[in-house]
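Please put together the full structure from these sequences, using the hints given.
Protein chains in written order, with the numbering used here: chain D, 319 to 570; chain W, 169 to 400.
Since the hints were derived computationally from the structure, they do not count as laboratory data.
All values derive from a computational prediction rather than experimental measurement.
Ideal Cβ positions, reconstructed from N, Cα and C, are used throughout, including at glycine.
Hints should not be assumed to be uniformly reliable.
Computed spacing ranges between beta-carbons, pair by pair [said to hold, decoys possible]: (1) W:N238 <-> D:K404: 31 to 37 Å; (2) W:W315 <-> D:E391: 26 to 32 Å; (3) D:Q466 <-> W:I239: 42 to 48 Å; (4) D:K404 <-> W:S290: 53 to 59 Å; (5) D:G503 <-> W:N397: 31 to 37 Å.
Below, simulated DSSO-like cross-link-like pairs (lysine-lysine); rule was C-alpha separation at most 27 Å, straight line [what the hints assert, rightly or not]: (6) W:K229 <-> D:K398; (7) D:K398 <-> D:K543; (8) W:K231 <-> D:K399.
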Amino acid sequence: MSDNMNKDEKQLLISVDNLSKHFEDLHALNGVSIDIYKGDVIFVVGPSGSGKSTFLRCLNRLEEPTGGKILFEGIDITDKKTDINKHRQKMGMVFQQFNLFPHMSVMKNLTLAPIKLQGKSKAEAEEEAMKLLERVGLADRADAYPNQLSGGQKQRIAIVRALCMKPDVMLFDEPTSALDPEMVGEVLEVMRELAKENMTMVVVTHEIAFAKEIANRVIFMDEGKIGEENDAKEFFDNPKSERLKSFLAKVL
Amino acid sequence: MNFLIGFADSFQQNFIKANRWKYILNGLGVTLRVTLFAVLIGIAIGFIVAVIRATYEKTGKLKILNFIANIYLTVIRGTPVVVQLLIIYFVIFGAVRIDKVLVAVLAFGINSGAYVAEIVRSGIMSIDPGQMEAGRSLGFNYIQTMWHIILPQAFKNVLPALGNEFIVLLKETSVAGYIALEDLTKGGDIIRSQTYSPFMPLLTVAAIYLAIVMLLSFLLKKLERRLRNSER
Ligand SMILES: Nc1ncnc2c1ncn2[C@@H]1O[C@H](COP(=O)(O)OP(=O)(O)O)[C@@H](O)[C@H]1O
Ligand SMILES: [Mg+2]
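Right, here's the structure in full:
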């Protein structure tokens, strides 16, 4: 995909510079740098404990970085003076455990933030939410409560909840890892659609086949560093480092 | 027959004569007013203190406020409510003329706040941290996430304990007579001291407390059931 795209036309969305995160003695992230462009579908793979989640969660400062810099849409969001809440509205996040609000109906889950944070009217927010619900095939569940939904439905709703804020990038942390195998497909389908619509996505996953299918770039996270980074095809067909080779041998 | 006549006599003596029933009725009004407003103060203080304590426990922030909150909890829960009531009336407001109902509302409200705080704090701590993260990731700030997402769930979880606390509070206000406030208990006691017959006024007072407590318990159960159904 990116092969025929000229680098100059690409718009820089997130620029990560020498990012690190230390939990006391533990260096979960150790000098990660990467530029993320609009429309990028970046998959992050690597062994468990290598810092994938920490990297993703530092991008919207859910985890406070201990070093380095992140520019999001040209603004240094690691600067303590930046109002991170404002920028988070533009960075949707999807969690492994869905984290829907159990005390609210699906519709309220979807419209709470647009109404409270973006000043939308209830009618407007509900109309937009309904359109998105229809697209993921869950319009009939608008009045349901989260615990009436299957895991796959919950995760699709969680994706829609993030989309309702009209984000410029979507961050996914193992979105299918908590799902029964038969429900993985329906969530991947929604992500596939998003990628087709040119949503910028950063996805931490173990679904290597899926990464091969929709990623344009793949990062191999290894002991808190980017061990290798490449176009999706090169990454899988032509791994350079021994560590990536042995990782791929294990997961493929 | 004799018993019935005796009963009627006693009733006449204790409640009808000299409009003594007014002690009961007015006392009940005072008890309900003190309880109601003390509950409101208790909830306000309790939620604020709970949020401060839970925030400190989870993030290490609000260190000084947490320290103050801890002193408040230690002192209030470590001393009898009657003593707190007396101190507020005779020491803190000793030099000024002040409505006794107001003093009682303050004393019982401040006292109840400490217990509410610990109940609500445990409710907040029981909520999955993923809820806070989901709220923050949408762009809500810490307080907004607390308000819209964490506290409603915490409140629902601790509603039985909170309801119980308010039932306890209703009964605890019966010591308001220590500052000569004429609440329900004091009302019954005044009648007793005038008629020298303790049986009827005191049992009436007891029956009224019991009826209110049973009513509150019933309403609480209904509310709990409704909240639970809303999640299904
Ligand atoms: N809140 C935390 N406190 C302490 N250590 C943590 C915390 N979060 C993650 N870590 C550690 O940081 C390292 C990277 O974790 P993580 O980013 O979750 O890895 P991955 O998502 O790749 O499995 C692990 O060693 C993990 O134990
Ligand atoms: Mg992880």
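Open item on the list: Under the constraints set out in the numbered hints, which ones does this structure not fulfil?
Closed with: 4
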